[in-house]
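So the protein sequences, as listed, match chains A and B. With the numbering used here, letter number 143 in the first sequence gets 143, and the count goes up by one each step, no holes. With the numbering used here, letter number 211 in the second sequence gets 211, and the count goes up by one each step, no holes.
Please note that the accuracy of each hint is not assured.
Said to hold, decoys possible - No more than 16 Å apart at the CA atoms, straight line, and that leaves these computed lysine to aspartate or glutamate pairs for EDC-like:
| hint | chain 1 | residue 1 | chain 2 | residue 2 |
| --- | --- | --- | --- | --- |
| 1 | A | K186 | A | E231 |
| 2 | A | K227 | B | D75 |
| 3 | A | K80 | A | D96 |
| 4 | A | K92 | A | E55 |
| 5 | A | K92 | A | D66 |
| 6 | A | K80 | B | D75 |
| 7 | B | K165 | B | D87 |
| 8 | B | K165 | B | D469 |
| 9 | A | K80 | B | D469 |
| 10 | B | K165 | B | E71 |
| 11 | A | K80 | B | D86 |
| 12 | A | K227 | B | E71 |
| 13 | A | K186 | A | E164 |
| 14 | A | K179 | A | D222 |
| 15 | A | K186 | A | D209 |
Since the hints were made in silico from the structure, they are not lab data.
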Amino acid sequence: MNARLACLLLALLAGANVHADETSLAGCAARALPEHTMRQTQTVTITSAAGWQRESRRTVYWQRFDDGTIKVLFHVERPKTEAGLKLLVVQKPAADPVIHVFSPDMNRARRVVGSGASNSVLGTDFTFEDALYLQRFLGTAERVAVQDSTLDGHAVFVAETRPEADDSAYSRIRTFVDKHSCLPMKTEFYGHNGALDKTLTLARDAVIDIHGHAVATRMVMDNHLRKQRTELAASEIEIDAPLPPSLFTLAEIEKSH
Amino acid sequence: MHDSGRVRAATEWVVAHPRLIAVLSLLVLGLSLLRLFDFEHGRARVEVDPSMAALLPRDGAALAAFQRAHENFPDDDLLFVAWVADDLFSPARLGAFKQLTRRIQTLPGVVAVESLATAYDARVEDDETVIDPFLRHVPHSDAQAAQARARALANPLLRGQLVSKDGRGALIAVHFAPTLDSQALLARIDDIRHASRELAADAEQFVSGPLLVRVEISRILNRDVYRVTPLAALATLLVSAVALRSVGGVLLPLLANGTAVMATLALFAAAGHGLNFVTAILPPVVYVVGFAYAIHVVSDFDRVYQSGMTRRAAAAAALREVFVPVSLTAITTAIGFASLALTDIASIRDFGLYAALGTLLAWIAALTIVPAGLAWLPGAPRPPREGRFVARVAAALARFNLEHRRALWLFYALVTVAALWAASRIEVDTRVLRNFDSSRAVQRDFQRIAEIFDGPVPLQILIDAGYDDAFKEPAKLRAVAELANWLRAEPGIGGVYALSDYVALLFRALAPEQAASAALPASTRLVEQLLLAGGGNLALYLDARGRTTMLEVRATALSTAAVNELAARIQAHLAQLPDDLHGQVTGTSYLIARSVDDITGDQLRSFACALLTTFVLLSVVFASVRVGLLALVPNLLPIVLFFGLLGAVPIPYDLSTSLVADSVFGIAIDDTVVFMTCYAIESRRHGRGRAGIEATLAVILRPATLTTLALCAGFVALMAGELRSQAEFGLLAAATLLFAWLLDISLTPLLCHGRRIVPLWDRYR
Numbered sequence: 001m002n003a004r005l006a007c008l009l010l011a012l013l014a015g016a017n018v019h020a021d022e023t024s025l026a027g028c029a030a031r032a033l034p035e036h037t038m039r040q041t042q043t044v045t046i047t048s049a050a051g052w053q054r055e056s057r058r059t060v061y062w063q064r065f066d067d068g069t070i071k072v073l074f075h076v077e078r079p080k081t082e083a084g085l086k087l088l089v090v091q092k093p094a095a096d097p098v099i100h101v102f103s104p105d106m107n108r109a110r111r112v113v114g115s116g117a118s119n120s121v122l123g124t125d126f127t128f129e130d131a132l133y134l135q136r137f138l139g140t141a142e143r144v145a146v147q148d149s150t151l152d153g154h155a156v157f158v159a160e161t162r163p164e165a166d167d168s169a170y171s172r173i174r175t176f177v178d179k180h181s182c183l184p185m186k187t188e189f190y191g192h193n194g195a196l197d198k199t200l201t202l203a204r205d206a207v208i209d210i211h212g213h214a215v216a217t218r219m220v221m222d223n224h225l226r227k228q229r230t231e232l233a234a235s236e237i238e239i240d241a242p243l244p245p246s247l248f249t250l251a252e253i254e255k256s257h
Numbered sequence: 001m002h003d004s005g006r007v008r009a010a011t012e013w014v015v016a017h018p019r020l021i022a023v024l025s026l027l028v029l030g031l032s033l034l035r036l037f038d039f040e041h042g043r044a045r046v047e048v049d050p051s052m053a054a055l056l057p058r059d060g061a062a063l064a065a066f067q068r069a070h071e072n073f074p075d076d077d078l079l080f081v082a083w084v085a086d087d088l089f090s091p092a093r094l095g096a097f098k099q100l101t102r103r104i105q106t107l108p109g110v111v112a113v114e115s116l117a118t119a120y121d122a123r124v125e126d127d128e129t130v131i132d133p134f135l136r137h138v139p140h141s142d143a144q145a146a147q148a149r150a151r152a153l154a155n156p157l158l159r160g161q162l163v164s165k166d167g168r169g170a171l172i173a174v175h176f177a178p179t180l181d182s183q184a185l186l187a188r189i190d191d192i193r194h195a196s197r198e199l200a201a202d203a204e205q206f207v208s209g210p211l212l213v214r215v216e217i218s219r220i221l222n223r224d225v226y227r228v229t230p231l232a233a234l235a236t237l238l239v240s241a242v243a244l245r246s247v248g249g250v251l252l253p254l255l256a257n258g259t260a261v262m263a264t265l266a267l268f269a270a271a272g273h274g275l276n277f278v279t280a281i282l283p284p285v286v287y288v289v290g291f292a293y294a295i296h297v298v299s300d301f302d303r304v305y306q307s308g309m310t311r312r313a314a315a316a317a318a319l320r321e322v323f324v325p326v327s328l329t330a331i332t333t334a335i336g337f338a339s340l341a342l343t344d345i346a347s348i349r350d351f352g353l354y355a356a357l358g359t360l361l362a363w364i365a366a367l368t369i370v371p372a373g374l375a376w377l378p379g380a381p382r383p384p385r386e387g388r389f390v391a392r393v394a395a396a397l398a399r400f401n402l403e404h405r406r407a408l409w410l411f412y413a414l415v416t417v418a419a420l421w422a423a424s425r426i427e428v429d430t431r432v433l434r435n436f437d438s439s440r441a442v443q444r445d446f447q448r449i450a451e452i453f454d455g456p457v458p459l460q461i462l463i464d465a466g467y468d469d470a471f472k473e474p475a476k477l478r479a480v481a482e483l484a485n486w487l488r489a490e491p492g493i494g495g496v497y498a499l500s501d502y503v504a505l506l507f508r509a510l511a512p513e514q515a516a517s518a519a520l521p522a523s524t525r526l527v528e529q530l531l532l533a534g535g536g537n538l539a540l541y542l543d544a545r546g547r548t549t550m551l552e553v554r555a556t557a558l559s560t561a562a563v564n565e566l567a568a569r570i571q572a573h574l575a576q577l578p579d580d581l582h583g584q585v586t587g588t589s590y591l592i593a594r595s596v597d598d599i600t601g602d603q604l605r606s607f608a609c610a611l612l613t614t615f616v617l618l619s620v621v622f623a624s625v626r627v628g629l630l631a632l633v634p635n636l637l638p639i640v641l642f643f644g645l646l647g648a649v650p651i652p653y654d655l656s657t658s659l660v661a662d663s664v665f666g667i668a669i670d671d672t673v674v675f676m677t678c679y680a681i682e683s684r685r686h687g688r689g690r691a692g693i694e695a696t697l698a699v700i701l702r703p704a705t706l707t708t709l710a711l712c713a714g715f716v717a718l719m720a721g722e723l724r725s726q727a728e729f730g731l732l733a734a735a736t737l738l739f740a741w742l743l744d745i746s747l748t749p750l751l752c753h754g755r756r757i758v759p760l761w762d763r764y765r
């Protein structure tokens, strides 16, 4: 399930070429993912309704293979009780993702299947479906409306999709894609009864340029239902730098133990 | 008669300005009606709010725990939708059930829906872990449906809660936005009911739960406020019309009281209050209390007018006559109501303050509108033969009382002893379901939920460990598991859902090899990592800091006493938890049960306060502690009889019946005060013996009897309401009031006989 999250997070945090052709949303969308690999360190801060905060840190490795398979490895490093947890997500085209969970206190990695669309990902306010959305968005299959608008004074495409998946938590999702950077600066997730359940916002002042890619280094998911938020800050970002192929194998995950 | 210069001047002014008073009263009435009714749309602006906010205490540990639970965990004020069928686990039924879940999710104001369609499920299949919503894929065959049934029954987080233990029932729990107003909530529930009926086909289906019961009661109260209250007013009018046989005598109390009630309600609404389960009785209470004041004025006017005075002079004289006793009564009654402001519960505080305000407004209206109207309206004096008849009855009554004083004392002593004995058997309990006829769906369906599922009443148990991530430690998880097991074995508890069950589910699904030899993980790190990797709704069981966990309990208790007893039992067990764990029972149903019983207890406190206030005031007014005490006797005994009645009949001392004592005392004291002030005058004219008693009875017999009959008719009219508790209130209040009247015409004369009773103002004359 987390492969899709990784796709989304990496797409959002890494962004696209800032000199992209701005003529269409599709043009932007096509450049929303790195070409081959991505590595970054994420600091995740969850702020509860009562104002209490929990911070964790994880390193994320991402790679797109020639057959279209995407593999993502989450390696949780902090806090101490979470450290060592690894999730290897294998996303083949047109298939449910397969996740391999490994904990230092488990003898071996465990293979997990299923959708779990509304499940929280690593305790955050992101769910599998939030991550999956980006792929749908990129695929344009469920996009029902696109229009030009402005957001905070910047020109944006406003795209709206109506999820058709049976187990979707949303009735519609609206995204504001910056025409210049191609980053989805704001995404609104509406529940089945039309209420705004969550809002994902990228911090414009935290957008940086890495090798010609616009990268948002900070994003916030506001969960209006639970009145809490998850803030993701990315650092040590490397785009399209070579990663060892063995990184994404079960043997490697278990060996590190 | 009180003849001080100021009172005389005031009474003269009132009777001299009937048109001005009529205009002012109609203006107040009109403005009040405009505030209370939306004439454009033909509906009332003030409605009964079914939310539980009105029943919450202002502060205290119980409220703090409740608020902590609400801040950290999902709301437990739920609507249940239940389906029951032998073939529930069939492709068609499960498909329809999932469709219903989806349809409910689309309704505005619905914030969360728990059902098999949305429930978290983690399991091992073919050496893989499958994590999916339980009904992600609706079974396509009977074999798949049977597998789904087996899986549901094997899941401790589903069995008993979302699916019945026999696999024949499935339940949807609906969470609504707390901001939803009563009309929107009613509309949503009707939508859900309609959708369920449509999709369930031939399966048994119903909606229920504590939220529904509250909503249904508010729906009935809304109807009754605007139907039964006017009916009660009409009943009092009919009695007074038969007895008084004059247009003014009937219409003026109605106008005076109607103005007081409407003005009170308008001020109540203008201050931002809404009617709720407690304040819904404000209109009838203000009406009946004020009615007695108006009738005293009318009755005294009739008596004085017979002596040959002009209408204006008779109205002024009657006003002077009743001014002191009615004022005394109004002030003591208002103080009694105002004493409710000392309570912690907002609705009781509001009721007390506005009932006190209403009493004072009714007092002002009775002493202005009624005499002004009587002076203004045309009419002839009553035939002298009526006065002679009353005098004859008064004489016979005085003779009977004095000649049979020992028998009377003995009779009342026996009644008191019997009542006290019966009162010891009173059951303090509010069974909300009693309000509905047993054949009605509300009661039947609530009991069906109790039969089929783990229990219809959710309770929450908060356990706090005092430090972050405590409940990720195996030792703490084991303590939670032990508590859950203890709870499951307790009578009155149908099901318990705890963090330990959730962790155990993840443990079995993600680390099955280790789970084969242990129920729970052995290390904090594994617990933490299972929770992270599992991705389920941990927020149902654990707060963000990991220091407070919540156990959800489904209780089968159907009354406040049973809920409170169960909560006390649980609380006693929580005290035995390890030193670093602190437990607290909370939840909507528990807080309501506790508040309702507190409210019931508060009525006793309020009554004691009213009793003390009346005693002090009467002792001062009659400059005698002894007379103050004597005045209490004929008013205390009806209350003793009321409690005796309550112990003797199968009616509990509950939210409604607890209001009888205060209401009847406020009315009954009126006749006693009138008798004593009248006796003070008549005993100066006729002596303190039989003649004085006779003369006093001749004055008070007619208004006292008329007021009692009219008010009893009003109270009995409450029985036309749909709520059983309201009917019981009316019946008990009428019976108690009749007894109070009997005491005032028999015991009060005996208590006064031979005594020198002199009001304070006469002592210094």
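Hints, one by one, checked against the model:
Proximity of A/K186 to A/E231 is assessed by CA-CA distance (about 14 Å); at most 16 Å being required, the pair is judged to hold. Straight-line distance between C-alpha atoms of A/K227 and B/D75 comes to about 13 Å, which keeps the hinted pair within the 16 Å bound. Between A/K80 and A/D96, the direct Cα distance comes to roughly 31 Å. Violation of the 16 Å bound is thereby established for this hinted pair. Proximity of A/K92 to A/E55 is assessed by CA-CA distance (about 31 Å); at most 16 Å being required, the pair is judged violated.
Between A/K92 and A/D66 the CA atoms are separated by roughly 11 Å; this keeps the pair inside 16 Å, and the hint holds. Of the pairs offered as hints, the one joining A/K80 and B/D75 is violated, with about 32 Å between alpha carbons and a cut-off of 16 Å exceeded. For the proposed pair B/K165 and B/D87, the alpha carbon gap of about 14 Å is at most 16 Å, so the pair holds. Note on B/K165 and B/D469: the hinted pairing is violated, with a Cα-Cα distance of about 33 Å set against a maximum of 16 Å.
Simply put, A/K80 and B/D469 have alpha-carbon atoms about 12 Å apart, close enough for the 16 Å limit, and the pair holds. Between the alpha carbons of B/K165 and B/E71 the distance comes to roughly 32 Å, so the proposed pair goes past 16 Å and is violated. Taken as a hint, the A/K80 and B/D86 pair is broken in the structure, with Cα atoms around 51 Å apart against an allowance of 16 Å. Among the hinted pairs, A/K227 with B/E71 is consistent with the structure: their alpha-carbon atoms are about 9 Å apart, no more than 16 Å.
Between the alpha carbons of A/K186 and A/E164 the distance comes to roughly 21 Å, so the proposed pair goes past 16 Å and is violated. A threshold of 16 Å between alpha carbons decides the hint, and for A/K179 with A/D222 the separation of about 23 Å lies outside it, so the pair is violated. The suggested pairing of A/K186 with A/D209 is violated, with an alpha-carbon distance near 19 Å, which exceeds 16 Å.
The structure shown violates the earlier hints numbered 3, 4, 6, 8, 10, 11, 13, 14, 15.
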